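Undergrad: Residue 1393 in the numbering used here is what sits at position 263 of the sequence shown, and the numbering runs on without skipping anything.
Simulated from the structure, these hints should not be mistaken for laboratory data.
Fair warning: there could be bad hints in the mix.
Restraint-style ranges between C-beta atoms, simulated for each label pair [what the hints assert, rightly or not]:
#1 Trp-1311 x Leu-1455: 18 to 28 Å
#2 Leu-1234 x Leu-1376: 34 to 44 Å
#3 Gln-1453 x Ala-1283: 38 to 48 Å
#4 Ala-1384 x Leu-1245: 17 to 27 Å
#5 Gly-1456 x Ala-1283: 36 to 46 Å
#6 Leu-1234 x Val-1464: 27 to 37 Å
#7 Ser-1229 x Ala-1283: 32 to 42 Å
#8 Leu-1182 x Leu-1294: 19 to 29 Å
#9 Ala-1332 x Pro-1298: 23 to 33 Å
#10 Gly-1456 x Ala-1242: 38 to 48 Å
#11 Val-1475 x Leu-1230: 16 to 26 Å
#12 Leu-1224 x Ala-1335: 22 to 32 Å
#13 Leu-1224 x Ile-1295: 24 to 34 Å
Treat the numbers as computed from the prediction; the structure is a model and nothing was measured.
Ideal placement from N, C-alpha and C gives every residue a C-beta, glycine not left out.
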Amino acid sequence: MAPETRPDPPRSARIRPNPGQIPPLSRTVLKTRSTSATAALPPVAAALLLLLTATIFASNHIAARLAFDHGTSVATAVVVRSATTVLVVLGLLLATRTSLRLPLKTLRRAAAIGLLLSVQSYCIYAAVARLPVALALLTFNLFPILLAAISWAVGGQRPGRRTLIAMPVILLGLTLALNVWGIGSAAPGGASFASRWAAMSAGVAFALTAATSFAIALYLTSRWLGGVDGRFRAVLTMATVGLVVLVVGSAAGALGLAPGPGEPGSVFALPRTPIGWLGLGLLSLLYTIAFTTLFALLPRLSAVNSAPILNFEPIAALILGSQILGQTVLPVQVAGAVLVVGAIVFLTTGRQR
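With these hints in hand, go ahead and build the complete structure from the sequences.
TA: And the structure:
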């Protein structure tokens, strides 16, 4: 998830690059490279598609929780979902006779982005293993702010005024929606901030590392792989993720290193029940759909001003969790969800300046 300027109407149909701005991404359907830029999506259409993508990602997490609760290890889930993504998308590319030839330099760059996504995949699950899931997701969802900062720092587009206003509002809404302070719930013990931070510091560090690596991966995707078919980008990056996790996991198993807290005893543990297998299958399918859709949308979005919309993912997970997993939704969480949706509407309407 590349910045763009907003020329006079029709704003949604044209992209006008400025000096020092990140070049607009381009994409083709049957070729891996294109000589013309793809028209940007209208803001409302882009917002709806990103909200749908975020909801599918959230559904993937719900399925993942079912798989983990029934014996599946994190490494198994990452490898299986990566392999599923590669096989499905590669099949689509072969069916449409898309050229799979790329310069060696581009392949190396795709591998580098895949390494970053491998770090992100491991660290976000490591954070979830050490923190309450809500706090881990909230910390990880700092990535849009990091993406905006990275883009601006290297001379790209400055975040629009609406983006700068919406980002802190979205984070505040997430804090309420995820109820990280326990408002309205049973009061926890009176532990001091120092003792609570000592217990949380490692998990927060993992979540921040995941957010940072993901933001860098999104930025480099817009810079390096803009002319590559979005489906082919998914194949290249996810193949790298699956291979890295498989190799590192195998090495960890050979060295007798224990999995993370709360994980099964084996690095590549399989589900123990039919529900676990169902969860593993669904998480692989849903992740494949969401990941491929996201990478296909990237060339037609402004990464800096659109990325915050993906913060809807934990809100969707909160709603789905209450319906599927029986998790309780408190009034303060509903208020936070409304605040996030309102900030998203504010972000995607009106002129970006």
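Undergrad: Compare the structure with each hint and give your call.
TA: Results for each hint:
no., hint, result
1, Trp-1311 x Leu-1455: 18 to 28 Å, "22 Å, holds"
2, Leu-1234 x Leu-1376: 34 to 44 Å, "23 Å, violated"
3, Gln-1453 x Ala-1283: 38 to 48 Å, "41 Å, holds"
4, Ala-1384 x Leu-1245: 17 to 27 Å, "21 Å, holds"
5, Gly-1456 x Ala-1283: 36 to 46 Å, "44 Å, holds"
6, Leu-1234 x Val-1464: 27 to 37 Å, "52 Å, violated"
7, Ser-1229 x Ala-1283: 32 to 42 Å, "35 Å, holds"
8, Leu-1182 x Leu-1294: 19 to 29 Å, "26 Å, holds"
9, Ala-1332 x Pro-1298: 23 to 33 Å, "26 Å, holds"
10, Gly-1456 x Ala-1242: 38 to 48 Å, "42 Å, holds"
11, Val-1475 x Leu-1230: 16 to 26 Å, "40 Å, violated"
12, Leu-1224 x Ala-1335: 22 to 32 Å, "41 Å, violated"
13, Leu-1224 x Ile-1295: 24 to 34 Å, "46 Å, violated"
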